[in-house]
Structures are given as structure tokens and as C-alpha cells.
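Chains as they are written, first to last, in this note's numbering: chain A, 6 to 102; chain B, 6 to 102.
Since the hints were made in silico from the structure, they are not lab data.
Incorrect hints may have been included.
[Unchecked claim] The calculated lysine-lysine pairs, modelled on BS3-like cross-linking and capped at a C-alpha distance of 27 Å, are:
| hint | chain 1 | residue 1 | chain 2 | residue 2 |
| --- | --- | --- | --- | --- |
| 1 | B | LYS20 | B | LYS43 |
| 2 | A | LYS69 | A | LYS43 |
| 3 | B | LYS54 | A | LYS20 |
| 4 | A | LYS20 | B | LYS69 |
| 5 | B | LYS74 | B | LYS54 |
| 6 | B | LYS43 | B | LYS69 |
| 7 | B | LYS20 | A | LYS20 |
| 8 | B | LYS62 | A | LYS54 |
| 9 | B | LYS69 | B | LYS20 |
| 10 | B | LYS20 | A | LYS62 |
[Said to hold, decoys possible] Examples of chain A residues lying across from chain B (beta carbon under 8 Å, computed):
| hint | residue |
| --- | --- |
| 11 | VAL12 |
| 12 | LEU15 |
| 13 | GLN18 |
| 14 | PRO21 |
| 15 | VAL53 |
| 16 | GLU58 |
| 17 | GLY63 |
| 18 | PHE67 |
| 19 | LYS69 |
| 20 | SER70 |
| 21 | LEU78 |
| 22 | ALA81 |
| 23 | GLN91 |
| 24 | HIS97 |
[Unchecked claim] Negatives, chain A to chain B, calculated, CB over 10 Å:
| hint | residue |
| --- | --- |
| 25 | ARG30 |
| 26 | ASP31 |
| 27 | ALA42 |
| 28 | ARG44 |
| 29 | LEU75 |
| 30 | GLU98 |
Note that the Cβ used here is the ideal one computed from N, Cα and C, for glycine as well.
Protein chains: 2
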Amino acid sequence: MAAMKDVHNLFLQEKPTRILVALYRDRSQEKYASILAKRTDCTYSHTVKVLDEFAEKGLVTFQKSGRKKLIELTDAGRSLAEQVNQLVTSLHEVNGH
Amino acid sequence: MAAMKDVHNLFLQEKPTRILVALYRDRSQEKYASILAKRTDCTYSHTVKVLDEFAEKGLVTFQKSGRKKLIELTDAGRSLAEQVNQLVTSLHEVNGH
């Protein structure tokens, strides 16, 4: 597990990568910052900061749902997330070499 | 250019990514740490450190050529570099959105 973390961190920024991949992989439920923070082991405030950066880059949109803000990947965000997800998988394989 | 740097750095570790992509893209000449350092705007000592990490992960091999150490991507390294290169291209497109 330590080695796996190593090679990820050699190329990828850990937290934004985790958050993007979580948005992409877990399609079973609606996404809110608080849920993503738990899933990705990030603080709530850091998760919100990263999500704001994603929105600024056009990777996600926010939709009000009552008092909560629902997060959705845009087409550009989904396409990027797909590639990042593949890279994460490849990095797992490199670790297993 | 500033924005471009932003989105790269949001997901990718800058220097290792540059070094891997330089090894992949520039097939016109033999690769040595000193040349890569110049190309990627890294210090020589940091470049050597990153290359040692690459070698440890099985991404590159070193071959003695006189007093110099020639660097070559392994098959695993080339395959990973191809994906990272694609991701870098996609991130450029995100910046242009």
C-alpha cells in the first residue's frame, strides 16, 4: 500500500485525483461535497476548494437541491475523469510489476 | 500560460510529468540526465533523483555509454508515458474551454 501510494504521488496530485475519480466511479448515488470528503479522506473545506477549482475549469457544475449542492461532472469533466481513472489503473499495474 | 500551468498542477506533479513526457516525445536524440534537465527546466540533481525513482518503478533503464548514462523507457514506461502524454494534451484542451 505504501508503494502504491508512492507511484501515484510521483505523477498525480493526490486529493484532486481522488475527488475526480470518486465523481467518475461511484455512479450509484448523488454527489455532495460532504459525501465526497468522506469517500476521499479529505477535509470538507479542502474538498469544497478543489470542487470550486473544478467548476472554474468547467469540469463540474453545481445544482441546488434543497439546502444541498449537487455536483455533476460536465462532458469535459467526464472525459478527463475517464483518462485520469485509466491512468490510476495503470499506475496500480506499475506498482505490481 | 498561467492558466495552463494551473490545470496541469491541479492533477499532475509537474517535474516528474515533464521528465516522463520529454522521454516519450523527443525521440530524435539520445537521452541523458543533463539534456533532460535542460529540456524540462529542472535542476540536474532533481532530474537524477526523479530518474532514479523511475528506474526503481521499472519505468526506465540506464545504459552506460562511455562516461554517460543513457536513459531508455521500458515497455511499461512507454505505455505509461503514452497515457500521461494524452492526459497532458487533454488538460491543454480543458484550459482552452
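We went through each hint and held it up to the structure:
1. At roughly 12 Å between alpha-carbon atoms, LYS20/B and LYS43/B fall within 27 Å of each other, so this suggested pair holds.
2. The suggested pairing of LYS69/A with LYS43/A holds, with an alpha-carbon distance near 20 Å, which does not exceed 27 Å.
3. In summary, the hint linking LYS54/B to LYS20/A is supported, as the alpha carbons are separated by about 24 Å, within the 27 Å threshold.
4. Restraint check for LYS20/A and LYS69/B: the C-alpha separation of about 39 Å exceeds 27 Å, so the hint is violated.
5. About 14 Å separates the Cα atoms of LYS74/B and LYS54/B, which keeps this hinted pair within 27 Å; it holds.
6. Proposed proximity of LYS43/B and LYS69/B is supported: the alpha carbons are some 20 Å apart, at most 27 Å.
7. The suggested pairing of LYS20/B with LYS20/A holds, with an alpha-carbon distance near 18 Å, which does not exceed 27 Å.
8. At most 27 Å may separate the alpha-carbon atoms for a hinted pair to count; LYS62/B and LYS54/A exceed this at roughly 32 Å.
9. Proximity of LYS69/B to LYS20/B is assessed by CA-CA distance (about 24 Å); at most 27 Å being required, the pair is judged to hold.
10. In summary, the hint linking LYS20/B to LYS62/A is supported, as the alpha carbons are separated by about 22 Å, within the 27 Å threshold.
11. For the restraint placing VAL12/A at the interface with chain B, the shortest Cβ-Cβ distance is roughly 6 Å, inside the 8 Å limit, so the hint holds.
12. For LEU15/A, the shortest C-beta to C-beta distance to chain B is roughly 5 Å, which falls under 8 Å, so the interface hint holds.
13. The restraint placing GLN18/A at the interface with chain B holds, with a minimum CB-CB distance near 6 Å, inside the 8 Å limit.
14. Of the supplied interface hints, the one on PRO21/A holds, with its beta-carbon coming within about 5 Å of a beta-carbon of chain B, less than 8 Å.
15. A least Cβ separation of about 15 Å between VAL53/A and chain B goes past the 8 Å threshold, and the interface hint is therefore violated.
16. Below 8 Å, beta-carbon pairs count as interface contacts, and GLU58/A has one with chain B at about 6 Å; its hint therefore holds.
17. Annotation: interface hint on GLY63/A holds; nearest CB of chain B at approximately 5 Å, less than 8 Å.
18. For PHE67/A, the suggested interface contact is broken, since its CB lies about 17 Å from the closest CB of chain B, more than 8 Å.
19. For LYS69/A, the interface hint is violated, since its Cβ never comes within 8 Å of a Cβ in chain B; the closest pair sits about 23 Å apart.
20. Nearest Cβ of chain B to the Cβ of SER70/A: about 25 Å, over the 8 Å cut. The hint is violated.
21. Interface restraint check for LEU78/A: the shortest CB-CB distance to chain B comes to about 12 Å, outside 8 Å, so the restraint is violated.
22. For ALA81/A, the suggested interface contact is upheld, since its CB lies about 6 Å from the closest CB of chain B, less than 8 Å.
23. This hint holds: GLN91/A has a C-beta 6 Å from the nearest C-beta of chain B, less than the 8 Å allowed.
24. Interface restraint check for HIS97/A: the shortest CB-CB distance to chain B comes to about 11 Å, outside 8 Å, so the restraint is violated.
25. With a closest Cβ-Cβ approach of about 16 Å to chain B, ARG30/A is found to remain outside the 10 Å limit, as its non-interface label requires.
26. With a least CB separation of 19 Å from chain B, ASP31/A remains clear of the 10 Å interface cut-off, as annotated.
27. The beta carbon of ALA42/A is kept farther than 10 Å from every beta carbon of chain B, the shortest such distance being approximately 17 Å.
28. Consistency note on ARG44/A: stated as away from chain B, and its beta-carbon is indeed over 10 Å from all of that chain's, at 18 Å minimum.
29. LEU75/A, annotated as away from the interface, keeps every beta carbon of chain B farther than 10 Å; the closest lies near 21 Å.
30. Remark: the non-interface label on GLU98/A conflicts with the geometry, its nearest Cβ contact in chain B lying 8 Å away (cut-off 10 Å).
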